[in-house]
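Enquirer: One-letter residues, chain by chain:
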Amino acid sequence: MKKRNRRQKMCIGLRFFVLFLLTVCVAGFICTDAARVTDFSRKNMAPCLLYPFGTDWMGRDMLARTLKGLSMSILLGVLSATVSACIALILGVASATLGRAADRGIGFVIDLMMGIPHILLLILVSVALGKGWKGVAWGIALTHWPSLARLIRAEVVQLKESPYIQIAEKLGKSKWYIVRKHMLPHLAPQFFVGLVLLFPHAILHESSVTFLGFGLDAGQPAIGIILSEAMQHLVTGKWWLALFPGMMLVLVVTLFYEAGETLRKLTDPASVHE
Amino acid sequence: MVRQWSIRIAGYALRLLILLFAVSVLTFALMKASPVDPLQANVGQTALGSMSQEQIEKLREYWGVDMPPVRQYLSWAGDFLRGDMGTSLYFRQPVENVIADRLRHSLLLMGIAWVCSGILGFFLGAAAGMFRETWVDRGIRGYCLLMSSTPAFWLALLLLMVFGVWLKVLPIGLSVPAGMEAANVTFWDRMRHAVLPALTLSLTGISNIALHTREKMIEVMEQDFILFARARGENRRQIFRHHGFRNVLLPGITLHFASVSEIFGGSVLVEQVFSYPGLGQAAVSAGLGSDMPLLMAITVVSALFVFGGDALADLLCGIADPRIRRGGFRE
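So the sequences go chain by chain: A and B.
Position one of the first sequence corresponds to residue 0 (numbering that gives the first Met the number 0), numbered consecutively onward.
Position one of the second sequence corresponds to residue 0 (numbering that gives the first Met the number 0), numbered consecutively onward.
None of these hints come from the bench; they were simulated from the model.
Hints may be right or wrong, so weigh each one.
Here are the computed lysine-lysine pairs in the DSSO-like style, where the Cα-Cα straight-line distance is at most 30 Å [what the hints assert, rightly or not]:
no., chain 1, residue 1, chain 2, residue 2
1, A, LYS264, B, LYS215
2, A, LYS42, B, LYS215
3, A, LYS159, A, LYS169
4, A, LYS8, B, LYS31
Let the hints inform the model, and build the full structure from the sequences given.
Expert: So, in structure tokens, the structure goes:
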């Protein structure tokens, strides 16, 4: 077998992550109907060959439900994390380029957002928007940007000192031109890495908030709801209801982390040759 | 010197006040934006339906539903400052009583978890940094990565399953034995009920501080003075005691004080799983039951804790770090 260097191995690993996550998503959509089928002739079955994740008290196939729930969580997490990252990019750049007052104002908002415990903030937004899908999605989108915005701001502040930006300023280029032509291309890798590293947070928070009961109504196979339903059946010894869906969730989140870290290493010039 | 310190503390206090004011405005605005009708939430749909239009008008006036939002906010904030936080709809009690009672339980839980995760996390991180790229480091790092992608509530479920249901050694919920009179509950009972939630919080809290300490430790270990210490013949333990420990302690403390917000967030989830009657569980009940006064009060109180933690971290750093203690501010 051909010997590969670490960079090539990382690229292969990255492809594997993406493929796996896509598979989960696609499988979730195929399972949409299977996840709803109730069949009381097969209720409360422990994991077996036919139903690897077992079945619940209504005879629903837990594997199908888990896949469906995960795909929904991934989709929602990716969508709202993307919105959040865009907010972070805009505010981060604005904070560094629009002068002192803007910097102070945005810094204050960041402090404010970080001062309220995250879960509590999600609950507040969810209540404000009326519970349900919309509240969770907006909650995640509106609360995940502060740390990335700080990172981007620091990067832009540094960037502003670099000769090519200062020359562009001296040449009389407008701020918008400099941001568009010089800063954004430079920020792109950081932005995408930050975006991918937001996914695991977004998914974890999505599942937490739905677990607490602020997401969809019960019965929908979101991963948080599956787990909160499983909680009620734990005492009677139905361990598989909570174990496997949770494990799949942890696996997906870990893979997102790994993908983000790999991406970071691949784009960071300091560690790309390691 | 004294003057300098009093100015610093006054500065923190001012900042705290401004931030708390902003938090209360934000919370109030979010609650105002909520589609829940305050009248309906207060008296209930059926009661409201059976009332005459006049009665409803009177109620609206009594609660000031039609006042402009700014006036409403001012009246709420004024009462809040005087210690009257309103009445909780969910618990049918004054909010300040609910919070005082809940906070006692939560503080026990969060206190244990905060101390345990801090000490354990710090030493694990330090060990990982000292033995970089060995199996010790890999193990600790792997654990931390796994923990940071594990939702706290699922870990709580797992522990509940193993210790509560399967081994039956620890209680599965609540903060005191069910059906026991309050007077008969011993300290031991309370601790037994706090073990599992506190354990969950500690296990998840470790990863952040351990990873951070590890990074710092690696940084320190690459310094020239470590090389020199090695050349002098100091062994690992001496290097750790004389150089490593002192240098990573400060960033560790700062980070851990700043992580109050995360422990609070975790406690919301964990208390929900263990039906532990703490502040977090009250927040969830308030959110689900549209209990606005309670939810707003909990937000302000928790923000107070978070900001307090941040300010303490800064102050402690100032006291512990000789460079800052002797002159000027930290950059």
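Enquirer: For a C-alpha distance cap of 30 Å, please report whether LYS8/A and LYS31/B respect it.
Expert: Violated, because 53 Å separates the two Cα atoms, which is more than 30 Å.
Enquirer: Can you confirm whether the C-alpha distance between LYS264/A and LYS215/B stays at or below 30 Å?
Expert: 19 Å, holds
Enquirer: Is the hinted pair LYS159/A and LYS169/A satisfied, with a Cα-Cα distance of at most 30 Å?
Expert: The hint holds at about 12 Å.
Enquirer: Keeping to a limit of 30 Å between CA atoms, is the pair of LYS42/A and LYS215/B held or broken?
Expert: 53 Å, violated
Of the numbered hints stated above, those contradicted by the structure are hints 2 and 4, listed in ascending order.
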